[in-house]
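So the protein sequences, as listed, match chains A and B.
Read left to right, the first sequence gives residues 1 to 352 (my numbering).
Read left to right, the second sequence gives residues 1001 to 1352 (my numbering).
FYI, nobody ran anything at the bench for these hints, they're computed from the structure.
There's no promise every hint is true.
[Claimed, not checked] A few chain A positions that, by computed beta-carbon distances, are all more than 10 angstroms from chain B:
id, residue
1, Arg181
2, Lys189
3, Glu193
4, Ala219
5, Asp237
6, Lys280
7, Glu319
[To be verified] Straight-line alpha carbon distances no greater than 25 angstroms define the calculated DSS-like cross-link-like pairs of lysine-lysine that follow:
id, chain 1, residue 1, chain 2, residue 2
8, B, Lys1262, A, Lys208
9, B, Lys1217, A, Lys214
10, A, Lys214, B, Lys1177
11, A, Lys61, A, Lys177
12, B, Lys1262, A, Lys262
13, B, Lys1290, B, Lys1114
14, B, Lys1177, B, Lys1004
15, A, Lys262, B, Lys1004
16, B, Lys1177, B, Lys1290
17, A, Lys217, B, Lys1290
18, B, Lys1177, B, Lys1217
19, B, Lys1214, A, Lys262
20, A, Lys61, A, Lys189
21, B, Lys1262, A, Lys61
22, A, Lys61, B, Lys1217
23, B, Lys1217, A, Lys262
Values in this document were obtained by computation on a predicted structure and should not be read as measured data.
For glycine and all other residues, C-beta sits at the position ideal for the given N, C-alpha and C.
There are 2 protein chains.
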Amino acid sequence: MSYKQIIYNTPPAPAIDPSLSSGTFRVHTVPQPDYVPADKVLVRAHYLSLDPAMRQWLTAKRSYIAPVERGAVMRGQSIAQVVAVGSKLSSEYQVGDWVVAYSGWQEFAVLGAKEAEKVIVPPGGRPTDAMSVLGMTGLTAYFGMLEVGQPRAGDTVVVSGAAGATGMVAGQIARIKGAKRVVGLAGSKDKCEFLVRELGFDTAVNYKDADWRKQLKEATPEYIDVFFDNTGGDILDACLARANRDSRFVICGAISQYNAAKPQGPASFMNVISQRVTMKGFIVFDFAKKYPEALKELASWLAQGKLRRKEHIVPGGLESAPQALVDLYKGANTGKMMVEVAPVSEALKAKL
Amino acid sequence: MSYKQIIYNTPPAPAIDPSLSSGTFRVHTVPQPDYVPADKVLVRAHYLSLDPAMRQWLTAKRSYIAPVERGAVMRGQSIAQVVAVGSKLSSEYQVGDWVVAYSGWQEFAVLGAKEAEKVIVPPGGRPTDAMSVLGMTGLTAYFGMLEVGQPRAGDTVVVSGAAGATGMVAGQIARIKGAKRVVGLAGSKDKCEFLVRELGFDTAVNYKDADWRKQLKEATPEYIDVFFDNTGGDILDACLARANRDSRFVICGAISQYNAAKPQGPASFMNVISQRVTMKGFIVFDFAKKYPEALKELASWLAQGKLRRKEHIVPGGLESAPQALVDLYKGANTGKMMVEVAPVSEALKAKL
């Protein structure tokens, strides 16, 4: 018995090469462990989380987290199921439990208790939510919007990457909290329609339209009070040009720049001075103490139908992860992107 | 009897053209007023303030202040002397009083009481201080450093444009408030030596040296906690690359970009996320309610010798202002740049 891992092979230069024979990653096969240490569990990954931050983890620069080492299993979260429990953990886990696993990109993993968080599925929820709307993605949107952006009644809130996993939650939170106007920026007509029809955004602008800057201007007649940025680049620049006085620019991500050989700063930077803009970067980990209360609120919005989630599940097993990651940077997804590592049985599917 | 004004003639494209025959400005001669309205004073400008912000006032874009209209007298402060007083203001002004005048670029001006603030010279001070260390320049440094930057004990504070009027005060305030390390960036060896020898900066880096980025790195072994930016461009970019976690970037000015056809944003922008940087723009006017207490503290530091000032006075009368403004953007000055519009008598000089 053996299982597969995906190993970080060579640094992107600067784009990720999804080829498994000569690219950024390679497949490695290892034997199944024949026993589970007393303080570990053996888990089987079913859904792998794909996150824009992953590209940064492959760059050996000072950052908020150490880069992945070449030759190591690619870092990542998964929704996994416990298949064997070490003797000291038998009161904590049962075979069949769903966990959020810090497993990395592999089919199975032997993990300590801190690396395998049991999923408690709230009413109306499902296990995969723990990796999206009720996980890091939702928490990132929550703290970024509420602690950093601080929308007030009457505010115009703009979200870039609004059809992505974090963006769509951020926009909905602004809506729930009573922003006057919530505007999304996304990369297709379908995504824009989804934001308005399904998620209650007031309007959405397709940044691939030739006249998107004009559309953005028309969508923000009272300028922008809060900008929740997932993209950086030209979109950040255009939003700075529309910054209102004393506006808050929440710098969550810069997906347009992660694969750039020469990252591009916002040219309209001088508006930071004239409009007294606050631009603030943040990392969700900094708010760890407040996770429980945030998750409670997110779960209650989900249960009440105020907050809607969407998943984009890529089939094909572990080996589809590299190409899916490339596609994530191309904006292939609407909502949380996951790779189905292993199909679940019908009985499990019902639970999901 | 007549006097001269300097009129805003044609928009810079994008650099200021100092020629008075075909450039950005032109000279206009007007008759001396033959009477002073009851609620006005007639003042004579002696020293004109030259400020980096002036270039922005010539751009017809949304900003913190309306642009100067073409055909109008160029906007600017001066240190002026009252030469005639309207009947209703006789209890407030005497002929010979020094005032900070919102006179614009002209030799004489008829002003209301709000546009001519009487200068109260504190112990150890002189009238021109009201336009520099005890005026908008000093206040900008004060609020930018203390309210926006908020240096703490142990912090490394870096100031760009450190030999300029605002930068030199900002750095000295960080020193007074107990920053661990104060580093200046300036554009010549002489300026750097001045910062260290005369003003107590720990070190200074000449950004015109080929290896200035390396010098900056060596000057900030514990990274940068507060960056007070007057320059933008490459210097802001290099400082972002050295940003410490939770650092504050005070965006006061961007002199390197004001004349740029294509302004340049900071390429190292992604560090805003990974290091959780707060970048905040501000305009000194927003702190107007706190001016009195700030001026009191600045004056006391000046009197105690903790805060040192330096002036760069350009001779040649009003008509030297356009060239002096061009030279300001080239970094010709160390300290507050002023144009001597009219010489003062020996008696007045003694008072100055």
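Right, here's what the structure says about each hint:
In this structure Arg181 (chain A) is separated from chain B by more than 10 angstroms, as the shortest Cβ-Cβ distance comes to about 19 angstroms. Every Cβ of chain B is farther than 10 angstroms from the Cβ of Lys189 (chain A); the closest lies at roughly 29 angstroms, confirming the non-interface assignment. The claim that Glu193 (chain A) lies off the interface holds: its Cβ sits roughly 30 angstroms from the closest Cβ of chain B, which is beyond the 10 angstroms cut-off. Residue placement check: Ala219 (chain A) keeps its beta carbon more than 10 angstroms from all beta carbons of chain B (closest about 17 angstroms).
The beta carbon of Asp237 (chain A) is not kept farther than 10 angstroms from every beta carbon of chain B, the shortest such distance being approximately 7 angstroms. For Lys280 (chain A), the requirement that its beta carbon stay farther than 10 angstroms from each beta carbon of chain B is not met, with the minimum near 5 angstroms. Non-interface status of Glu319 (chain A) relative to chain B is upheld: no Cβ of that chain comes within 10 angstroms, the nearest being about 30 angstroms off. For the given pair, Lys1262 (chain B) sits about 23 angstroms from Lys208 (chain A) by alpha-carbon distance, which is consistent with the 25 angstroms threshold.
Proximity of Lys1217 (chain B) to Lys214 (chain A) is assessed by CA-CA distance (about 42 angstroms); at most 25 angstroms being required, the pair is judged violated. For a cut-off of 25 angstroms, the pair hint linking Lys214 (chain A) to Lys1177 (chain B) is broken: about 47 angstroms separates their Cα positions. Restraint check for Lys61 (chain A) and Lys177 (chain A): not satisfied, since their Cα atoms lie roughly 37 angstroms apart, outside the 25 angstroms limit. The hinted pair formed by Lys1262 (chain B) and Lys262 (chain A) meets the criterion: a straight-line CA distance of about 17 angstroms does not exceed 25 angstroms.
For a cut-off of 25 angstroms, the pair hint linking Lys1290 (chain B) to Lys1114 (chain B) stands: about 18 angstroms separates their Cα positions. For the suggested pair Lys1177 (chain B) and Lys1004 (chain B), the alpha carbons sit about 45 angstroms apart, so the restraint of at most 25 angstroms is broken. Between Lys262 (chain A) and Lys1004 (chain B) the alpha-carbon distance is near 50 angstroms, which puts this suggested pair outside the 25 angstroms criterion. A threshold of 25 angstroms between alpha carbons decides the hint, and for Lys1177 (chain B) with Lys1290 (chain B) the separation of about 18 angstroms falls inside it, so the pair holds.
Taking the CA atoms of Lys217 (chain A) and Lys1290 (chain B), the gap is near 36 angstroms; set against the 25 angstroms cutoff, the hint is violated. Between Lys1177 (chain B) and Lys1217 (chain B) the alpha-carbon distance is near 24 angstroms, which keeps this suggested pair within the 25 angstroms criterion. Restraint check: the Cα-Cα separation between Lys1214 (chain B) and Lys262 (chain A) comes to about 20 angstroms, which is no more than 25 angstroms; the hinted pair holds. Between the alpha carbons of Lys61 (chain A) and Lys189 (chain A) the distance comes to roughly 36 angstroms, so the proposed pair goes past 25 angstroms and is violated.
Between Lys1262 (chain B) and Lys61 (chain A) the alpha-carbon distance is near 29 angstroms, which puts this suggested pair outside the 25 angstroms criterion. With a C-alpha separation of about 15 angstroms, the suggested pair Lys61 (chain A) and Lys1217 (chain B) falls inside the 25 angstroms cut-off, and the hint holds. Restraint check for Lys1217 (chain B) and Lys262 (chain A): the C-alpha separation of about 21 angstroms stays at or below 25 angstroms, so the hint holds.
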